[in-house]
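Engineer: Numbering (full-length UniProt numbering), first residue to last: 1 to 343.
Don't read these hints as lab results, they were simulated from the structure.
Computed from a predicted model, the values in this text were never measured in an experiment.
Mixed in with the good hints there might be a few duds.
Said to hold, decoys possible - Here are the computed distance ranges between Cβ atoms for each label pair:
#	residue 1	residue 2	range
1	W64	I280	32 to 40 Å
2	E33	T59	51 to 59 Å
3	A186	L220	46 to 54 Å
4	L235	W64	25 to 33 Å
Note that the Cβ used here is the ideal one computed from N, Cα and C, for glycine as well.
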Amino acid sequence: MAALRRCITMSRAQASVLILVGLVLALFVFVPEVPLLGAAGLLLAIALSLPAGMVMRWTGAPRWVAVLVVLLGLVLLAIGAGALAAGPLSEQAHKLTEDLPRSIQSLRERMTQSPWGAWLAERMTLPEDGATRGMGLAATAASTTLGWIGNAAVILLVGVYLALRPTDYMAGLRALLHPSLDAPAAAALRECGEVLRGWLAGQAFAMVVSGTLTWVGLTLLGVPLAGVLAVLAALLGFIPNIGPVIAAVPAMLLATTISPWLALWVALLFLATQFIEGNILTPLVQAEMADLPPAALLIAQVLMASFFGLLGVALAAPLAAVAAVLIRRGYAERWLGRDPARP
């Protein structure tokens, strides 16, 4: 009778896990923005919790006060940085929007000097449709902007709520599983939190170093708008593998207007920066992450891009790291019974 009861308990435990996994997969299939925005909010909550924990240790203040202090500090920091850099960066950004079309036109003219280049340039020409096309593009841009603003507001609210009461939400998540899984679920959630904290801290460091190296290199090469291009490279550095490639495109286009050789040097600069990030900075980041091979990360990015677009690509690395922890703890160790000490 006791053995039968243990079997029933185990089957209920497994069923609770399968039901929870099914619910998460259903969310990704039918309303993919919901789990993605939730994941982004979770990353924001962890980012807020890191300095909030320091404030709590130094001052003994309650958690909600520490989180509000961190939020206020970030707002003041953003206002101060914006006041100092808004003028030069906005001027450079405006100049970038003016120079990029000329750079593309210059590149097209250079390409027409050869038969294959003329064939390719002909297909790069975008059809013009007059005022109707312009109004359609403006409406699409406005709709996209409003959508991003709405998503940012949701991420901010979710992040603040999670940062204020993280233990309550973790307890609610564990309550969805069978009571026999409470302890292993708590351990898995703690490990996921540690992985994400390490990844965020390391990724922020890598972004700052990458942006600084890009700014120094572009300035030494004499590429115009080095400041705004470096900021763009630092921000896109949040997306491993793909972000630096996207950031290199406008820099190379601007360099092409000066000299093809300068464009080559810019490409080499971005390759060198990517080499430093991939072989020095990223291993430091992954030392705090789950053991995630580069090929697995790239496959995860391609899959997330195919199904969920830009937001999926941006969140592919942390989601893949969390998935690796859950698969190892929940499937390999508990379901298959593998020894965690063995490779």
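Engineer: Work down the list of hints and note, for each, if the structure agrees.
Structural biologist: Structure-based check of each hint:
1. The hint said 32 to 40 Å for the Cβ distance between W64 and I280, and at roughly 39 Å that hint holds.
2. In this structure, E33 and T59 break the distance hint of 51 to 59 Å, their C-beta atoms being roughly 38 Å apart.
3. In this structure, A186 and L220 meet the distance hint of 46 to 54 Å, their C-beta atoms being roughly 51 Å apart.
4. Between L235 and W64, the C-beta spacing of about 30 Å keeps the proposed range 25 to 33 Å intact.
Of the numbered hints given earlier, the model fails hint 2 alone.
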